[in-house]
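Participant: With chain A fixed as given, assemble chain B onto it according to the hints.
Number of protein chains: 2
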Amino acid sequence: MTSTADRTGLISSVETRLREVGRVVRNSMLDAMPDGDPVQWLYGPMREYPARPGKALRPALCMSSGRAFGGSADDLLGVAVAIELLHNAFLVHDDIADGSEMRRGRPTLAAEHGVAAALNAGDGLAVVAGQVLRRATRRLDRDLAELVWGEFDTMALRTLEGQATEAGWQLDEIVDLGPEDYLNLIMHKTCWYTTIHPLRVGAIIATGGQAELSALVRFGFHFGAAFQIRDDLLNLIGDEAMYGKEILGDLYEGKRTLTLVHLMATATGSDRDFVRDYLRLHRAERSEDMVRTIRALMDDYDCINFTSEFAEGILLTAEDYFEEAFADAHAGPDLDFLRSLVPYVWARWR
Amino acid sequence: MTSTADRTGLISSVETRLREVGRVVRNSMLDAMPDGDPVQWLYGPMREYPARPGKALRPALCMSSGRAFGGSADDLLGVAVAIELLHNAFLVHDDIADGSEMRRGRPTLAAEHGVAAALNAGDGLAVVAGQVLRRATRRLDRDLAELVWGEFDTMALRTLEGQATEAGWQLDEIVDLGPEDYLNLIMHKTCWYTTIHPLRVGAIIATGGQAELSALVRFGFHFGAAFQIRDDLLNLIGDEAMYGKEILGDLYEGKRTLTLVHLMATATGSDRDFVRDYLRLHRAERSEDMVRTIRALMDDYDCINFTSEFAEGILLTAEDYFEEAFADAHAGPDLDFLRSLVPYVWARWR
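Top line first, the protein sequences correspond to chains A and B.
Per this note's numbering: the first sequence = residues 939 to 1288.
Per this note's numbering: the second sequence = residues 939 to 1288.
There may be inaccurate statements among the hints.
The list cannot tell twin chains apart, which means a pair is met if one copy fits it or any two copies do.
Claimed, not checked - The calculated DMTMM-like cross-link candidates involving lysine to aspartate or glutamate, where the alpha carbons are at most 25 Å apart (straight line), are:
(1) K993 with D1012
(2) K1193 with D975
(3) K1193 with E1050
(4) K993 with E1250
(5) K1193 with E1089
What the hints contain is simulated information worked out from the structure, not anything from laboratory work.
Chain A with its partners taken away, still in its complex shape:
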């Protein structure tokens, strides 16, 4: 990535493809939604997040990985839609747990309809994800279908383990954490369901379960970690309108991001005390002034640069693992798309 023109071209080609997949998957998600009552208190709220355009990274990874390994779009689409529906179910519940107010540029379900309706809507989305996956796996040989279901169960549990750990760190005021704790957290909370699972399940369906999966885990972990770190950074340095969530929302929550973990580990004297005291407060007790101070300390202790450099190192490793993970895949637009994702995250960084 040397020239601005290359960079613009890369971003545009990746995002065009993501938008195409997003449109197809969004329509399929909405088509899968039950047509019953109560619309006002259940089925209406259930449609809201799926109707708001998201990144569609997960279904795009599943479709491209599967096709690169020789799978058919017909076998893959339903599984990709199920992944995105489950992702939406997680988002709805996450937003309750975090007390978030904005999601994809609009109020969260809990902010708009109350906690009870949001809870039920999240549960409902998980049920519909299961229905879609069941229809999709009916096309497959029974043993292969079981393998795919096993992947989904593992992914769901990994994700919950990560979310539970993150919430536990906040609740129990855990402050002595290093980068390795953060990486272990996002391996569970983000990478498994955002990158590793979609890549694996696509490959499994395409190869009848014969694909070598451990290299996909290595690539998916490094790519997914860089993706999550970038997302966390955007919350610190991004633009609210583009980002779609509250800027600095993670600081209000006390979310242990790599940047905050680095600040906790490097701040000294009264700065250190300030950070520790801050993390012991409840969300409602954290004032805008305090949040601004924490944000300024992150500059003082060079935490933003640390985070960027850390992530760039991970992305370089991801690039190496990519060739290993897709050594048996077919050349073509799907493999090209997957390969371009690493420099894409890099390009979006700057």
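Facilitator: For chain B alone, coordinates are given in the frame of chain A:
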């Protein structure tokens, strides 16, 4: 039911069987729980409700219905365990939505571990329920397995529809409701997953999907409605230690029970205004004095008797439907147990 001795014998024989099923199912639920980390923030909380002895009515209905129609215990147990696990998942999320403090005689998960941990634990229990059901349906012919899964999806959506409606009535301060609205609510919220689904799915497995299901729906609805009305009544007139939840908790919540619906429909003048004003308050604004006043108005307007008589009428209908629903079932202890449930609810009433 004429003599006290008969009544005591009936209660004791039903409860002995429920305890037996409960013990087996409880052990199976705990065995199915993943053995991973974090114990403290996810897998520990997930074990709590399954480890607290519950009524075990749902798995007992599934096992007995299946065996009465000629099914084998081996084919039925996993499905019964999955039903109970999903029930526990619902309870965890319900207790968050309702802001409840006690469940089965101990603090709710949200009260003990916070909302985020309870949310994740409920999601995790639903995932484990799916894993158990998947193992159980692997024994079955693939079409029959699909039929069973379809039943589970329908049951889960019906339950969510009911829960969402109940929460919506409270949130939007809906007060103009009649008994038919209440019955429609509990058909969704309670009967489908408490009685109709376990009875149907047991019969489906036993008969390879050939059982006549509509008569089971009619029996299950009437029996389940009486069961729910009794449960609501216990919250008004019961003993806290025996009941395991806060007495009058439903009044604090403003839960639209049949008794409250009747009070809303029959109270006049300033009593009517008091009830309507009360229902417009948030839970935290409802004082003990107000709750006591509502409870006293229920006596003044004879609402407890109305509720009892209403439910006794439903139980008589359930008794008629029982014979129709189980006309093709085999005589024996399973059929005897199912038949004794109607007078059991009746006997527990008095």
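Participant: Does each hint hold? Answer for all of them.
Facilitator: Against the structure, the hints:
no., hint, in the structure
1, K993 with D1012, "within (22 Å within a copy, 45 Å between copies)"
2, K1193 with D975, "between (37 Å within a copy, 20 Å between copies)"
3, K1193 with E1050, "both (23 Å within a copy, 22 Å between copies)"
4, K993 with E1250, "within (21 Å within a copy, 55 Å between copies)"
5, K1193 with E1089, "neither (28 Å within a copy, 40 Å between copies)"
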